[in-house]
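J.: Please work from the sequences and hints to get the whole structure.
Number of protein chains: 2
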Amino acid sequence: MKILQDKSLTDVPGFQAVGIHCGIKKNGNKDLCVIYSQKPAVAAAAFTTNIVKAAPLLVNMKHLEISDTIQAIVVNSGNANACTGAQGLEDAYKMSETTAACLNLPPNQVLVASTGIIGVPMPMHVVIPGIKAACSLIPDGSGASAAEAIMTTDSFPKQITVEIMIDDKPVFISGIAKGSGMIHPNMATMLAFIITNANISKALLTKALKDSVSNSYNMISVDGDTSTNDMVITLANGMAGHPLIDAMDKDYAKFKNALDFVNQTLAKMIAKDGEGATKLIEVSLYHAKTEKDAKICAKSVISSNLVKSAFFGSDANWGRIMCSLGYSGGDFSPDKVDIFFKNAKGTIQLVKDGTGIPFSEEKAKEILDQDYVNIVIDLKDGEYEATAWGCDLSYDYVKINGSYRT
Amino acid sequence: MKILQDKSLTDVPGFQAVGIHCGIKKNGNKDLCVIYSQKPAVAAAAFTTNIVKAAPLLVNMKHLEISDTIQAIVVNSGNANACTGAQGLEDAYKMSETTAACLNLPPNQVLVASTGIIGVPMPMHVVIPGIKAACSLIPDGSGASAAEAIMTTDSFPKQITVEIMIDDKPVFISGIAKGSGMIHPNMATMLAFIITNANISKALLTKALKDSVSNSYNMISVDGDTSTNDMVITLANGMAGHPLIDAMDKDYAKFKNALDFVNQTLAKMIAKDGEGATKLIEVSLYHAKTEKDAKICAKSVISSNLVKSAFFGSDANWGRIMCSLGYSGGDFSPDKVDIFFKNAKGTIQLVKDGTGIPFSEEKAKEILDQDYVNIVIDLKDGEYEATAWGCDLSYDYVKINGSYRT
Numbered sequence: 001m002k003i004l005q006d007k008s009l010t011d012v013p014g015f016q017a018v019g020i021h022c023g024i025k026k027n028g029n030k031d032l033c034v035i036y037s038q039k040p041a042v043a044a045a046a047f048t049t050n051i052v053k054a055a056p057l058l059v060n061m062k063h064l065e066i067s068d069t070i071q072a073i074v075v076n077s078g079n080a081n082a083c084t085g086a087q088g089l090e091d092a093y094k095m096s097e098t099t100a101a102c103l104n105l106p107p108n109q110v111l112v113a114s115t116g117i118i119g120v121p122m123p124m125h126v127v128i129p130g131i132k133a134a135c136s137l138i139p140d141g142s143g144a145s146a147a148e149a150i151m152t153t154d155s156f157p158k159q160i161t162v163e164i165m166i167d168d169k170p171v172f173i174s175g176i177a178k179g180s181g182m183i184h185p186n187m188a189t190m191l192a193f194i195i196t197n198a199n200i201s202k203a204l205l206t207k208a209l210k211d212s213v214s215n216s217y218n219m220i221s222v223d224g225d226t227s228t229n230d231m232v233i234t235l236a237n238g239m240a241g242h243p244l245i246d247a248m249d250k251d252y253a254k255f256k257n258a259l260d261f262v263n264q265t266l267a268k269m270i271a272k273d274g275e276g277a278t279k280l281i282e283v284s285l286y287h288a289k290t291e292k293d294a295k296i297c298a299k300s301v302i303s304s305n306l307v308k309s310a311f312f313g314s315d316a317n318w319g320r321i322m323c324s325l326g327y328s329g330g331d332f333s334p335d336k337v338d339i340f341f342k343n344a345k346g347t348i349q350l351v352k353d354g355t356g357i358p359f360s361e362e363k364a365k366e367i368l369d370q371d372y373v374n375i376v377i378d379l380k381d382g383e384y385e386a387t388a389w390g391c392d393l394s395y396d397y398v399k400i401n402g403s404y405r406t
Numbered sequence: 001m002k003i004l005q006d007k008s009l010t011d012v013p014g015f016q017a018v019g020i021h022c023g024i025k026k027n028g029n030k031d032l033c034v035i036y037s038q039k040p041a042v043a044a045a046a047f048t049t050n051i052v053k054a055a056p057l058l059v060n061m062k063h064l065e066i067s068d069t070i071q072a073i074v075v076n077s078g079n080a081n082a083c084t085g086a087q088g089l090e091d092a093y094k095m096s097e098t099t100a101a102c103l104n105l106p107p108n109q110v111l112v113a114s115t116g117i118i119g120v121p122m123p124m125h126v127v128i129p130g131i132k133a134a135c136s137l138i139p140d141g142s143g144a145s146a147a148e149a150i151m152t153t154d155s156f157p158k159q160i161t162v163e164i165m166i167d168d169k170p171v172f173i174s175g176i177a178k179g180s181g182m183i184h185p186n187m188a189t190m191l192a193f194i195i196t197n198a199n200i201s202k203a204l205l206t207k208a209l210k211d212s213v214s215n216s217y218n219m220i221s222v223d224g225d226t227s228t229n230d231m232v233i234t235l236a237n238g239m240a241g242h243p244l245i246d247a248m249d250k251d252y253a254k255f256k257n258a259l260d261f262v263n264q265t266l267a268k269m270i271a272k273d274g275e276g277a278t279k280l281i282e283v284s285l286y287h288a289k290t291e292k293d294a295k296i297c298a299k300s301v302i303s304s305n306l307v308k309s310a311f312f313g314s315d316a317n318w319g320r321i322m323c324s325l326g327y328s329g330g331d332f333s334p335d336k337v338d339i340f341f342k343n344a345k346g347t348i349q350l351v352k353d354g355t356g357i358p359f360s361e362e363k364a365k366e367i368l369d370q371d372y373v374n375i376v377i378d379l380k381d382g383e384y385e386a387t388a389w390g391c392d393l394s395y396d397y398v399k400i401n402g403s404y405r406t
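Going down the list, the sequences are from chains A and B. Oh and the first sequence: position 138 is 138 in the working numbering, straight run, nothing missing. Oh and the second sequence: position 65 is 65 in the working numbering, straight run, nothing missing.
Take the hints with a grain of salt, since some may be wrong.
Claimed, not checked - One side only, chain A facing chain B, incomplete, derived with CB under 7 Å:
# : residue
1 : Ile51
2 : Ile118
3 : Thr228
4 : Met322
5 : Cys323
6 : Gly326
7 : Thr355
Please keep in mind that the hints were generated in silico from the structure rather than gathered at the bench. Backbone N, C-alpha and C fix where the C-beta goes; we use that ideal spot for every residue, glycine too.
T.: Set out below in structure tokens:
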């Protein structure tokens with residue numbers, strides 16, 4: 001697998017994308033994007049588990065029920081179109097219909113995503129002209145402009161493109177995403193759009209996405225604050241021309257491996273770019289009794305405000321890690337736990353068999369002062385492992401979330 | 001029921017208590033207390049659900065298994081005796097044995113509680129002399145000194161005493177507690193000790209405590225960070241002299257009602273005194289489908305960092321409330337939800353049938369600027385209700401938890 005540093009969505013054969021400013025955001029930043037596939041693409045999607053679902057999600061669920069393929073995605077930032085009642089649903093349908101009309105597609109071939117403030121009617125007087133403008137600009141668009149147009153409080157655009165070979169044919173997988181570092185308040189949403197020219201069946205694309213999401217986006221810290229608008233959409237247009245992947249063979253494994261890399265890279269970018277975050281924290285948890293225990297324990301540590309606050313202060317507070325493991329609901333033996341902190345500055349062990357051991361406070365501070373810290377937890381209680389990503393909890397988190405924003 | 005403003009633990013007939021400084025805390029504050037019952041008292045207790053349990057909890061579980069009655073509780077603050085291995089367990093036993101010897105009691109008649117830093121060996125060289133000194137001072141002790149001695153990062157001592165009449169006999173219930181406003185980091189513990197001269201069977205005291213805990217301490221916001229040391233202990237010495245309460249009759253109801261008041265008062269004090277907190281938030285949730293749904297929904301709102309941050313900034317951000325209801329796991333219909341903010345400054349409605357409605361931002365700010373705000377949520381979906389208490393998330397929370405403390 002090759003990582004293509006300077007490539008983006010529009011380098012995937014058969015795909016076009018553009019991001020523009022249409023007027024939802026008051027500051028003039030880009031706030032609307034359209035991703036277009038020249039051929040109907042096999043589609044798979046994952047939506048928020050929040051029972052309060054924003055209007056676009058309801059539209060997408062309907063469209064994906066009717067149609068196996070999708071040809072375009074229209075996304076706006078600055079307004080979530082959530083808790084907006086019947087009008088909100090009508091507006092979301094209108095967005096998909098307008099995009100479809102501009103691109104000469106059946107309406108159910110267009111998915112819709114929104115992110116931004118909750119409970120405010122979508123400003124359709126700027127959105128509709130915006131969609132028309134964006135569609136006309138598609139041929140000259142860029143993946144970078146699309147990545148920028150889906151940002152809200154993100155401090156940098158998030159994109160990644162990789163290339164693999166299947167049956168001697170180059171297959172590209174390219175994705176863009178937006179945060180939710182810890183969680184995004186009003187702007188509460190994590191979005192990711194992944195496109196590929198791979199030739200893969202609907203069933204296997206769906207399976208690959210589901211498994212991949214559980215090991216990437218679902219393993220980043222969101223404080224339990226699952227948004228009303230979260231979604232991940234993958235489109236595969238098949239244009240790579242290799243034989244259809246319709247069995248769990250080595251080609252599927254190769255594709256899945258690259259998809260995992262793309263999703264984990266985007267997930268880590270989201271974690272690192274958490275609101276107010278100063279460092280990326282990676283929890284590597286080993287030797288759990290089951291996969292579920294491994295994931296529950298790793299996520300509990302990364303989600304703890306106490307652990308997050310300690311990392312902001314570069315405080316080697318392993319007691320909080322033991323505590324968050326203990327209340328996670330995961331099954332393990334407290335008296336077997338080993339805990340280490342690790343990064344380029346070195347490795348220190350803080351806990352052995354569930355009990356604190358002496359360590360150099362100086363060395364610990366040196367490790368914790370970096371912008372990446374790996375918490376290694378060995379439960380010594382089984383064969384399963386999991387990785388979770390998050391960030392520290394800083395003054396700026398409270399500042400960002402404690403003030404009213406539009 | 002009468003609230004006795006100036007009374008404390010030592011005003012309950014047959015009980016004595018004292019708090020002293022023995023040297024665990026470096027700042028000279030009180031750090032050790034002993035509560036003593038002249039007669040063996042019927043005991044009930046609730047312990048943390050964290051599977052990482054501090055040594056004192058293991059000792060208490062053992063003692064309560066052996067004995068129905070308890071005659072003393074020894075509590076220290078400044079050190080949690082958690083994650084301290086075999087030595088920690090030995091130290092906890094030593095604390096109970098020393099107290100028992102000083103008071104001429106069998107060792108299993110003494111319970112132990114600790115709160116403070118995790119993973120540091122208990123400084124027994126000051127604790128043992130401290131216990132001896134405290135026991136000798138018991139006759140001259142005060143409930144106020146005991147309430148003070150169990151504090152860690154609490155900003156005020158928490159105590160409440162009430163009086164009810166059962167069979168024309170005065171029955172007193174008096175409790176002390178310490179926080180965990182949101183959660184207490186290193187000092188991660190919520191402790192409460194309730195004593196009464198009521199004459200009640202072990203089975204009914206146990207039932208009353210269990211039910212009462214679920215409606216008080218278990219309904220305050222602790223960010224999911226359930227400590228390794230949490231415990232609530234109730235002792236009833238029977239000295240009020242009324243007939244034994246051993247059926248769920250009107251006397252039980254009267255006692256239970258007063259016990260609920262004591263526990264809810266202490267729980268609210270803990271919530272209000274959350275680390276860095278500037279306001280007490282009360283979530284009143286009505287018309288849920290089941291009691292479980294009511295509790296899950298109310299707790300989800302009060303535990304959301306987003307909701308907490310918004311209240312710190314006096315931001316009428318009802319979208320975050322809808323969002324936290326939606327991911328709570330509680331069952332309800334999003335399109336029926338009504339949301340109001342309420343306190344002495346007035347009442348405003350923000351959401352009707354799941355959709356935002358126009359409201360005066362000015363009025364909202366006036367309400368939210370107070371140090372108490374009631375979030376009223378009407379699910380209009382059933383017959384059950386629940387109340388939860390919490391506080392806002394402030395810069396000071398991060399400050400307190402982001403720095404290393406001893």
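J.: Does each hint hold? Answer for all of them.
T.: Checked hints:
A cut of 7 Å between beta carbons decides the hint on A/Ile51: the least distance to chain B is about 5 Å, and the hint holds. The criterion of a C-beta within 7 Å of any C-beta in chain B is met by A/Ile118, whose closest approach is roughly 3 Å, and the hint holds. Taken as an interface hint, A/Thr228 checks out: its beta carbon lies about 5 Å from the nearest beta carbon of chain B, inside 7 Å. Taking 7 Å as the C-beta cut-off, the interface hint given for A/Met322 holds, the closest approach to chain B being about 5 Å.
Using the Cβ-Cβ criterion of 7 Å, the hint placing A/Cys323 at the interface with chain B is satisfied: the shortest such distance is roughly 5 Å. At its closest, the beta carbon of A/Gly326 sits 3 Å from a beta carbon of chain B; the interface hint therefore holds under the 7 Å criterion. The interface hint given for A/Thr355 is met, as the beta carbon of that residue sits about 4 Å from the closest beta carbon of chain B, less than 7 Å.
Hint check: no violations occur; every hint is consistent with the structure.
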